[in-house]
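Asker: Here's the letter readout for the chains.
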Amino acid sequence: MRAAMLFFCSFALVCRADEPLAGKWSGKVQVPGRELTLIVDLVRDATDSPGRAQDKQNWIGSATLPGLNIKGAPVTDIAAQNGEIAFVIQAMAGPGVEPPRIKARVVDEKLNGEFLQGGNSAPIVLEKIGPAQVEQPPRNTAIAKEFEGEWRGEYELLGLQRKVTLKLQGHGADAGTAELVIVGRKVNNVPIDRIAQQNEFITMESAAFGMTYEGRLTGNDEIKGQLLQGPLEIALTLRRAK
Amino acid sequence: MKLSILAGLLAAFMATSVNAQSMFRGNPAHTGVYAGPAPREFHGVKWKFATGNRVISSPVIAGKVLYFGGDDGNVYAVDSETGRQIWKFKTRGPVPATPAVVEGTLYIGSYDGNFYALNSETGAVKWKFATGGERRFEAKGLHGMQPKNQTIADSFDIFLSSPVVVDGAVYFGSGDTNVYALDANSGALRWKFKTGDVVHASPAFVDGVVFVGSWDSYFYAIDAKTGKEKWRFHGGEDPLIHNQVGFQSSPAVVDGVVYTGCRDAQLYALDAATGKEKWKFDNQLSWVITSPAVDAGRVYFATSDSALYHVAEAATGKDLVKEDGRAYMFSSPALAGDTVFLGVLNGTLSARDAATGKVLWEFQTDASKENKGWPLTAEKRLNVPMLYFDNWREAPIVAQDRQLSVGSIFSSPLVANGTVYFGSTDGFVYALD
Chain A
28 MRAAMLFFCS
38 FALVCRADEP
48 LAGKWSGKVQ
58 VPGRELTLIV
68 DLVRDATDSP
78 GRAQDKQNWI
88 GSATLPGLNI
98 KGAPVTDIAA
108 QNGEIAFVIQ
118 AMAGPGVEPP
128 RIKARVVDEK
138 LNGEFLQGGN
148 SAPIVLEKIG
158 PAQVEQPPRN
168 TAIAKEFEGE
178 WRGEYELLGL
188 QRKVTLKLQG
198 HGADAGTAEL
208 VIVGRKVNNV
218 PIDRIAQQNE
228 FITMESAAFG
238 MTYEGRLTGN
248 DEIKGQLLQG
258 PLEIALTLRR
268 AK
Chain B
74 MKLSILAGLL
84 AAFMATSVNA
94 QSMFRGNPAH
104 TGVYAGPAPR
114 EFHGVKWKFA
124 TGNRVISSPV
134 IAGKVLYFGG
144 DDGNVYAVDS
154 ETGRQIWKFK
164 TRGPVPATPA
174 VVEGTLYIGS
184 YDGNFYALNS
194 ETGAVKWKFA
204 TGGERRFEAK
214 GLHGMQPKNQ
224 TIADSFDIFL
234 SSPVVVDGAV
244 YFGSGDTNVY
254 ALDANSGALR
264 WKFKTGDVVH
274 ASPAFVDGVV
284 FVGSWDSYFY
294 AIDAKTGKEK
304 WRFHGGEDPL
314 IHNQVGFQSS
324 PAVVDGVVYT
334 GCRDAQLYAL
344 DAATGKEKWK
354 FDNQLSWVIT
364 SPAVDAGRVY
374 FATSDSALYH
384 VAEAATGKDL
394 VKEDGRAYMF
404 SSPALAGDTV
414 FLGVLNGTLS
424 ARDAATGKVL
434 WEFQTDASKE
444 NKGWPLTAEK
454 RLNVPMLYFD
464 NWREAPIVAQ
474 DRQLSVGSIF
484 SSPLVANGTV
494 YFGSTDGFVY
504 ALD
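Protein sequence lines correspond, in order, to chains A and B. Read left to right, the first sequence gives residues 28 to 269 (our numbering). Read left to right, the second sequence gives residues 74 to 506 (our numbering).
Just so you know, the hints here were simulated from the structure itself, not pulled from any lab data. None of the values given here were measured: they were computed from a predicted structure. Among the hints, erroneous ones may be present.
Result set (PhoX-like, lysine-lysine): computed pairs, CA atoms no more than 25 Å apart in a straight line [to be verified]:
#: 1; chain 1: A; residue 1: Lys213; chain 2: B; residue 2: Lys119
#: 2; chain 1: B; residue 1: Lys431; chain 2: A; residue 2: Lys251
#: 3; chain 1: B; residue 1: Lys353; chain 2: A; residue 2: Lys213
#: 4; chain 1: A; residue 1: Lys130; chain 2: A; residue 2: Lys172
#: 5; chain 1: A; residue 1: Lys55; chain 2: B; residue 2: Lys445
#: 6; chain 1: B; residue 1: Lys395; chain 2: B; residue 2: Lys431
#: 7; chain 1: B; residue 1: Lys442; chain 2: A; residue 2: Lys55
#: 8; chain 1: B; residue 1: Lys221; chain 2: A; residue 2: Lys98
#: 9; chain 1: B; residue 1: Lys445; chain 2: A; residue 2: Lys130
#: 10; chain 1: A; residue 1: Lys190; chain 2: A; residue 2: Lys213
#: 11; chain 1: B; residue 1: Lys265; chain 2: B; residue 2: Lys301
#: 12; chain 1: B; residue 1: Lys453; chain 2: A; residue 2: Lys130
#: 13; chain 1: A; residue 1: Lys83; chain 2: A; residue 2: Lys55
#: 14; chain 1: A; residue 1: Lys83; chain 2: A; residue 2: Lys130
#: 15; chain 1: B; residue 1: Lys351; chain 2: B; residue 2: Lys303
#: 16; chain 1: A; residue 1: Lys155; chain 2: A; residue 2: Lys83
#: 17; chain 1: A; residue 1: Lys213; chain 2: B; residue 2: Lys391
#: 18; chain 1: B; residue 1: Lys119; chain 2: B; residue 2: Lys161
Label pairs and their in silico Cβ distance ranges [what the hints assert, rightly or not]:
#: 19; chain 1: B; residue 1: Asp411; chain 2: A; residue 2: Leu187; range: 36 to 46 Å
#: 20; chain 1: B; residue 1: Lys221; chain 2: A; residue 2: Pro164; range: 22 to 32 Å
#: 21; chain 1: B; residue 1: Glu467; chain 2: A; residue 2: Arg266; range: 35 to 45 Å
#: 22; chain 1: B; residue 1: Ala346; chain 2: A; residue 2: Gln196; range: 50 to 60 Å
C-beta: ideal position from N, C-alpha, C; glycine also.
Could you build the full structure based on these sequences and the hints that come with them?
Answerer: Given below as structure tokens:
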């Protein structure tokens, strides 16, 4: 028993020694005139490839910037090697502005590096404050039969009528898929990144268009809901195409 | 003797020319065209004059004296050669309006709700007129801000109406929704014309008609003598978030055509006699706040969100020049000779070739170079994710203050005697040559 305990403890220590980058990191982005708090959670994803050696598992992460209204933003493009890490925080993107990128290395148990955003660069110093608690984006869900098929609707915005066509396809127990086309002055094929159905409610999101549709299936072959885009909230009822 | 008469006539002509430029956009028609020469190359800052707050107002010049208002509540007279203060007059509110100086009198409105006539030599009050009070455009859930049932004032309603003075009358708009005509000598009310919302655009005057738009979504032509409506033109509406509505741009009227920008993202060309739309230039949801400059069959204007500088064909609206301006532009282009000067909200002033639109030179304020808190990207574009990331409580207003911390140039440049004058939100008025 003692031997087993000893083995377990030494394994844990080895793991920690091998993964100095894993954990919850907190510190400051030293933007001149506006210091920002940054919290980053980084960990190997054991669920992604079960059975794979830990050091071969992919990194996952999430980031929080309380001063910028960002909570649990996905951390992507993670490249970690020999105590150095680079990653992208999928937030703070805008017209002509890429999401921020971080390059850092572990020095004296601190993550020291650089925060690059909009072509500007600021030093960061993060300290490990505990184990990682990565926030994962919600996964897509399956779609019930009654949602499947083609739906049509229309709405008016700034004096211009828009026609909407939504095609929902179920794949059994796997996640459903959606095709959304909005025709105004031009034809917009709106890529749907996320689809979630629970009971009579359905939600679809398009990151590219910054658009969300939240609807509720009624008994009249209608999905009544709202199209949300930026500050706009537009009522949109979709009816099953005959 | 003949020579002295000639010299006298020349002096009189020059005085008239100078006076004609002593109001917003250079003249009552608001053409935005200034007598040359203009600096095609940047030589340096001739002087800069410190006020106590932002300078949104555009300077005007009469003789050798520069006049402008300040958000510190003062109206200033400054020596245009040296930047030395001659006098200042304190009102009880910010003065983001441009004065008109005619025959020794300076006319200007203040956020204190008064419209002032001052002695242009001394700053002494000749008369003042109380409007119904100033206010900014406001709406429930404006621009999608939360809570959506709360009335929110528009922090981008940044200018006050600037007066036009013609034939003994002074005309201006007000936050009390009226367009006023006052006797220029006494300040007595001649008439007032009620619109449906705030009038912070500046009226133009041509052939006995006052032209001005209101935030009620209508553009008006008003008989200058009677104050009666001649026609009205309906711009776009935005009942959802009130973002794409209202005339904040001031019109230019040239050769029987009214050119005006609108928050509905259009630049309109309207028949001055009838109000009938001749053409419109669609700017894809981007406001046109700048007042167009018009000369030789070309219309010069710029946009806000899309940050584009355009030159359009006056007859058709065809896009002749489209250039990246990098950040929102509210300042109105000033055309002097073959050069166009334009302020940008990233704290730069650009000089562009009038024909091609290419940047000849650029001046950047120190605050813009410092870029504290990163309101700008390295390319001097607005760093929107660092600014407008929250629409709750006063966050958008704080964001705008951060944006303006780079020395944004809302002020429309004045070009006189080879020097470019303008104000900045860094609190300075600059003279560049």
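Asker: Hint by hint, note whether the structure agrees.
Answerer: Here's how the hints hold up against the structure:
1. Lys213(A) x Lys119(B): violated, 50 Å
2. Lys431(B) x Lys251(A): violated, 51 Å
3. Lys353(B) x Lys213(A): holds, 19 Å
4. Lys130(A) x Lys172(A): Not satisfied, since the Cα-Cα distance of roughly 47 Å exceeds 25 Å.
5. Lys55(A) x Lys445(B): holds, 16 Å
6. Lys395(B) x Lys431(B): Holds, because 10 Å separates the two Cα atoms, which is no more than 25 Å.
7. Lys442(B) x Lys55(A): holds, 23 Å
8. Lys221(B) x Lys98(A): holds, 23 Å
9. Lys445(B) x Lys130(A): Between Lys445(B) and Lys130(A) the Cα gap is close to 22 Å, so the pair holds against 25 Å.
10. Lys190(A) x Lys213(A): holds, 11 Å
11. Lys265(B) x Lys301(B): Holds, at about 9 Å.
12. Lys453(B) x Lys130(A): Cα-Cα ~23 Å, so holds.
13. Lys83(A) x Lys55(A): Status violated; Cα separation ~30 Å.
14. Lys83(A) x Lys130(A): Judged against 25 Å, a Cα distance of about 21 Å means the pair holds.
15. Lys351(B) x Lys303(B): holds, 18 Å
16. Lys155(A) x Lys83(A): holds, 22 Å
17. Lys213(A) x Lys391(B): holds, 21 Å
18. Lys119(B) x Lys161(B): holds, 21 Å
19. Asp411(B) x Leu187(A): 36 to 46 Å: holds, 40 Å
20. Lys221(B) x Pro164(A): 22 to 32 Å: holds, 27 Å
21. Glu467(B) x Arg266(A): 35 to 45 Å: About 42 Å separates the Cβ atoms of Glu467(B) and Arg266(A), which means 35 to 45 Å holds.
22. Ala346(B) x Gln196(A): 50 to 60 Å: Because 59 Å falls inside the window, the suggested range holds.
In the structure shown, a violation is registered for the earlier hints numbered 1, 2, 4 and 13, in ascending order.
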